[in-house]
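Can you make the complete structure from the sequences, with help from the hints?
In order, the protein sequences belong to chains A and B.
Using the working numbering, the letters of the first sequence map in sequence onto residues 1 to 224.
Using the working numbering, the letters of the second sequence map in sequence onto residues 1 to 298.
Since the hints were derived computationally from the structure, they do not count as laboratory data.
Quick caveat, the model's predicted, so the values are computed rather than measured.
Certain hints may be false.
The following label-pair restraints were derived from C-beta to C-beta distances [stated by the list, open to error]: (1) G38/A x L187/B: 21 to 29 Å; (2) Q73/A x Q272/B: 55 to 63 Å; (3) R202/B x T8/A: 40 to 48 Å; (4) R202/B x Q212/A: 26 to 34 Å; (5) I176/B x G38/A: 54 to 62 Å; (6) A239/B x N65/A: 53 to 61 Å; (7) D3/B x Q3/A: 37 to 45 Å; (8) S250/B x K134/A: 47 to 55 Å.
Cβ coordinates follow ideal geometry from the N, Cα and C atoms, glycine included.
Take a look at the letters that make up each chain.
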Amino acid sequence: MIQLYNVTKKYGGDSAAVKDMTLQIGKGEFVYITGASGAGKTTLLRMLYAAEKPTKGQILVDRQNISRIRSRQIPFLRRKVGVVFQDFKLLQSRTVYENVAFALEAQGKKRYEVSKKVYQALKQVGLEHRLQRKPLELSGGEQQRIAIARALVVDPLILLADEPSGNLDQEVTFEIMALFQQANARGTTVLLATHDHSLNQRFPRRVLTLDQGKLIGDQQPLQG
Amino acid sequence: MLDKIRYFIMRALRNMRQWPLLCAASILTMAVALATVATFFLVVVNTEQLALRWTKEIQVIAYLEKAPNQQSIAGLTTKLQNIPEVESVKYVSPANAMQSFKEHLGEDASLLEGVSKDLLPASFELGLYRNYRNQQGIASVIEQLENHLEVDDLRYGQQWLEKFNKFAQALRFVGIILGGFLLFAALFIVSNTIKLTLYARRDELEIMALVGATMRFIKIPFMLEGAIQGLLGGLLSLAFLALSFVFVLSPSLNSFWLTPTDFDLLFLTLNQQIILALSGVVLGVLGSLSSLRRFVRL
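Next up, the structure:
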């Protein structure tokens, strides 16, 4: 599903945010990306949804080479890739319903289709009763669930999450993790960047460890 | 397709409702900018109109050595009429000249008692077509006059004409410079206001790009919004303009001492009013488009 070959990303100057990284992630996998701040987790994710282009190397997403993707094709890549952020990135002036519907409307879906899918997605994250609320009236955990619903409502092949639980307490974090696992169980490939090791202890999965832009560990979960 | 158009319009309207202050700021800025340019346009147009009125006074008066006899007047008139630059020919006999001189003197007309009626020379007053009310036109008329008449003296306000030409040129020059400057300032202010309103909404633009909206999908509602705001701004500027015309421009131009009493001030024609409203639309769309380029990055 995702392949990187000798990918390097530099932001001007000599230091590279990602250095000569090669890795493969199969369809339906659930992968943690860990490492200290500045290890390159966010840069790696940003390259996967084409917010950045690699300085060197090749990136394939769903068999499409996105290293030199044209900006006209980026929207179509993003329809396959849902993204969840630490700061939720919700539109504060819109209702919960509008926030989730936004992703479908952006893809030009019909109105009846939109309302049906939005309801389903909000039901999945347990917020179908908050349709008409504004994000700021909700708790952080609820806001993140809305962001997840927005990412999942379009049935993405891949779900990228950048420190999704960074602002949340542990109990809420586990609720959020359950949502990622459900999505993964339905076949979505999930990449979750975090520096919270307790997640892997509680939900053991493959772990990619980054340090100063390099991939220094690729650990499969212990079986049984 | 219709569904999409409706969706875009709904989004544009909803955005405007959601950000009433930003929306009002854009509309007002465009209205003020357009009204300023249009007011200036009106001042220039009316001043030029006024100047054109003065040129009506331009005529060539040919004083004759000897008054022609009654039979030859008609023939001479036709000949003069045939000069291409000449619009009207009026023969003034010595008696007519004396009569109008008397009228001019009014109460002092008694001074002329006992003076011969033929004291003043006969003359032809030649009015010129509008295009020829300038130095070249007059020079050409004078040249042709000498073929037909024995002229004693010519009057055609040479000095006045030269001054007027300079004035008209200066007016046009200042008009172009100031008008261009105003237009540029208006464009600058409008595009900056729109940039600010988009800056306030950059999260929305970013999120749209993140969830896979195409460039077109992101831009169209904002451009529509720009168009609607531009139209409203254009209409508002028309209202401003009408008010300033009635309360400021009209009284001040009418009190100008050179303005003839029967001079009708010009307002924008219907076509010009439509152009003003449409330039609001163009301003809004272009302003949005140029600012969007800065804020929308995929």
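Here is how each hint holds up against the structure:
| no. | hint | result |
| --- | --- | --- |
| 1 | G38/A x L187/B: 21 to 29 Å | violated, 44 Å |
| 2 | Q73/A x Q272/B: 55 to 63 Å | violated, 46 Å |
| 3 | R202/B x T8/A: 40 to 48 Å | violated, 30 Å |
| 4 | R202/B x Q212/A: 26 to 34 Å | holds, 31 Å |
| 5 | I176/B x G38/A: 54 to 62 Å | holds, 58 Å |
| 6 | A239/B x N65/A: 53 to 61 Å | holds, 57 Å |
| 7 | D3/B x Q3/A: 37 to 45 Å | holds, 39 Å |
| 8 | S250/B x K134/A: 47 to 55 Å | holds, 51 Å |
In this structure, the hints that do not hold are numbers 1, 2, 3, in rising order.
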